[in-house]
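Chemist: Single-letter residue listing:
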Amino acid sequence: MADVVALSGTATDYAVKKDTWGNVRRYLRRNPSLLVGMFLLFCLLAFWLVGSAVYDTSRAAALSVPDTVHPPSAEYPLGTDRIGRDIMAVMIQGTMLTLRIGLIAGILGVSVGTIVAFLGGYYRGWFDTLLKGIVDVGLTIPGMLILIIIAVNIKDQGLTVDQMGLVVAIYSWLWPARTIRSQVLTMRERTWVEVARLSGVSGPEIIFKEILPNLMPYMLASLVGSVSSAILASIGLETLGLGPMAAPTLGMTIYWVIFYSAMLRGYYWWWMPPIAIIVVLFVGLFMVSMGLDELANPRLRRGV
Amino acid sequence: MPLDYVLRRFAVFVVVVWAAATLNFLLPKTTGVDPVSQKLMQEATRGGYIQQGMTQMMQVYREKFGLDKPLWQQYLTYMNDLIHLDFNYSISQYPKKVIEIIRDSIWWTIGLLLSTTILEFLLGSLAGALMAWPKSPKWLGYIFTPFLTLSAVPYYLLGLVLVYIFGFQLRWLPMFGGYTPGTFIGLDPRSLLDIASHALLPALSLILSAIGFWALGMRSMMVTVQGEDYMILAEAKGLKDNTLLYKYALRNAILPQVTSLAIALGYVVSGAVLVEVVFAYPGIGNLLYLAIRNMDYFVIQGIVMLIIFAIATTTLILDLALPLLDPRITYKGAS
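Chain order of the listed sequences is D and U. So that you can map any letter, position 153 of the first sequence is 153 in my numbering, and since no number is skipped, the others follow by simple counting. So that you can map any letter, position 88 of the second sequence is 88 in my numbering, and since no number is skipped, the others follow by simple counting.
So that you can see chain U by itself, here it is in the shape it has in the complex (with noise of 0.2 Å):
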């Protein structure tokens, strides 16, 4: 692997995470009101329990970015912190740090979105495929069409649809939360089915709304590579539908939609982020929603800030990794 090319990705790796975090540092400034002396202040004049520690807090927090420390000083201090994954402590939920809260909630939603990505690549390029497979039944057109409109509707809305006909009207399915309340969760069966009652109704608005995507990459792809001589040979020499479909056919479409399932790999931790809003999922979506609310600026700051650098992270591996996988993909091509 060309070393220059390394070089570039990581280049664009730190100017995306540097350029995110100088967005985050500078806008609240620009406003001219300070979010979070704000909130301090109102947590802090408000009394109770917690008063002690939003006191110190705002204490902490004038001397780190008071208004008397030049602009840059501040700058300096607040890249620093981050560099140490340093996203303060939360306002609303006082003696814990951010970091701890994410790490709780961090875990249900990958769980949640890397078990849907994979299923919609799987149910998603297996439809396309057949969509586009002259030989398939013509029922099938009409089950998977409905899909490809699906795929228009935003997913959470899909949510919304799915609570009511499966929670609210039937009640097959729990209606909201990541497990029943007051109930200790472990590694038992009974949790583990616990859990994947509650997942299921958020994994089926993402996966329904989802697959129409993947079938309509598929589907082109597969279009493409019916014309190719290697299929016309095939199909002479006399061999079977359904190898030519699963040997020849579909493992040469699936590359591109393995390159999209790595792309997609890398948004599991920011994709479900309305969903679980609509599902009070546990997750860091439903998180976000909640600082939001309470206007948790450490806590915004911090998710926002982590998923990016997930993203980041996972598009620097996957430049660097593809070119590996896929011959076709050159170091030139992508500059």
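With the rest of the complex left out, here is chain D (with noise of 0.2 Å):
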């Protein structure tokens, strides 16, 4: 019976089966994207842990070590580059700061984007237009350039990771701002939230014990879509030459690899890990998302 259920059911009846475990094993082998996936961060994850454990990491500062550009060898597994840093080190620590860029600005853009769109979408009014005129006018202009001119008036102060995330924020909220209030505006006039409301329930509890529980598995595809999105823009930005430039993140590291024609000289060591990284990354939280957004609708659930 509870495979029947487990097969038929929405996503919340995840949520409060006892069996978890069970279930989001059972799950996970028929959304094999999400288990790719999941695996992919996974590495990437215990390629920093174990890595900061063992390795040296202090080498990924400028100029802290006597060899430039030196090819892989016993003491340099990936080599060294022009400004004088250890690329393993730069690897172990880039994976980390570019990750936490990402779940700076994904975090914030979806709890933001999720208080505006509750507040707009749930109780309407003049908020509601003023919230969907920004976010109208704001997507229209491509976030990029907003960055870019942001980031040109800031550059000088010099940039820390932190703040580069912040950066990226400031854009990252409209997108789940428009798609979780459409969610509210739909769920709003669903039974069980009319029934809550002519019970007399208030305004609070029903976003929080109504709406919100329903709206988690999106809100957690939402997240994973800001959270990517966010990093491309920031290692966009940072392959222009307006991230923190003194940081050993991936971007950075393209930045440098572009600034001193590395691949014209056949610098392999020194273009091959960033890239290589940075599509394990993109692809792991593709397929996540992906199996994120097959949890979130039901409906996508297809045979193709």
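No lab work stands behind these hints, which were simulated from the structure alone. We put the beta carbon where it would ideally sit given N, CA and C, even for glycine. Some hints here could point you the wrong way.
[Unchecked claim] Here are some of the chain D residues that sit facing chain U, going by a computed Cβ distance under 8 Å:
hint, residue
1, Asp136
2, Thr140
3, Ile149
4, Thr239
5, Gly266
6, Trp271
7, Ile275
[Unchecked claim] Where chain D lies over chain U, by a calculated footprint (3+ residues, C-beta under 8 Å):
hint, region
8, 292 to 299
9, 310 to 321
[What the hints assert, rightly or not] Here are a few chain D residues that sit away from chain U, every Cβ distance over 12 Å (derived from the structure):
hint, residue
10, Phe39
11, Ala53
12, Arg59
13, Asp67
14, Thr186
15, Val193
16, Gly200
17, Pro204
18, Leu212
Can you join these two chains into the complex? Each is in its own frame, and there are hints to help.
Modeler: Structure follows, in structure tokens:
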């Protein structure tokens, strides 16, 4: 019986099931995209954890290594770059720093987006009109351009990694605000919400007890999407030279690769590792978000 | 077309451009450091042959945006310049105006992006249609699936890998630039071939990473269309498979894709900023990169405003034209 319910139930059924772990396992088997994506992200996390435990990551700082542009050797497993950094150490630190920027911007974006979406979508009124206007105008302008203007203006002050996350977050709440708002709009018309409203349940209680739990899987998918596009935006800005110049993030590594034409000079050990890690990161996030999409919209489930 | 719909769309256009312009004006004021006067001062004190021009420019700039002027007056001056498409002089290439520099490079970008966007659309839609078509051979699926993964990889990183393989290792294609330096660019076949061979790698990296996006959209539309009654009827009539695919399924599934194509065409100017940086392609993106490196604030501002203007304009045209093209889109639904 439990099996039948699990197969035909909506996403929220999983949350209230007693045998949660068994259900999760059964679900993952049917959703290989989520499983593979999570595995890839786990590998990156393990790379950072193990790496920072056993490797001397202080060599990720500029001028910390005497030999510049040294090909891979026993001393430097991934070689060194022109700025005097050990690429292996840069990669270990950079993976986490880049993830950190994405997480700061993604979590901030989804939180602010959700709050705004609920205030506007549930209570409507002038605030909703204003919000919709801001989001529509904001999404018409390519975020990258606004971020470029912002980053250019604060570049001289010297950005830190966390500030980089905040800069990207300025733009990352717009999309969650729009999509979550449209979900709230349909939710507030559902029968169970109406019943709650008629029985005199207050607005905040309806939001937290009736609507929010049902939107959890959706918001999770939205979070992964936001983190992914925040990382994309941050790497884009960094490649243009608008990132934290001194920090060994993956995007800044790409910037230095282009700056010193590492490609033309055949310094393969300099540009291959950051690209490989970025590819694993994006493919992992892409697969997790595809898998979560399926979890959030059970109607998408199909045999194709 | 209802008048209030047209007016509302037009209002959105004005608000978008105005909001972007205002942000552009206010941001430097909030940081307390004026990047323009700082840079101008730097250039003026450095000396050299452009020093005379810099000092002059500094004076004009002070007159217009000096701290003695109230903020609203500076704002009006700024807006007035903008309406006349006057983006001031470039700081790093002094006697040249920003708008001239942009005019020189924008055709490279439009040429590259227009052709790749259309190719992406054609290849991606065909791939998506074939993937969803139950009668297409099994091996097609194995070929197309990697493209879906490629769409998750930023296009400029793909560009770096392509440069390494085809430019550095195999030496089949030039690694950077838009044409061979020192040659005269005309409309003769030799220079056209030269331009094409330089554009091939940037174009390839854009196309490879975008095919997946188009294929996914097309595939889901094809799945929907195949469940329609007219498909069952057409099949029952005994029509040939090719007729079914191309005349019935594809034609109905492609409409939303055409809408996406129109939207994508709006992003032609800004779509390849980073790929141009990777390939040092002489378009607007590389110009922006160089301007950022030199802190040429007027050029950065000019490019950003120009791109926003281009996108707002195409969005406006699209909003007005789409309901005419596709009767399923109504004026009311767009509010």
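Chemist: Go through the numbered hints given earlier and state which of them the structure violates, listing their numbers in rising order.
Modeler: none
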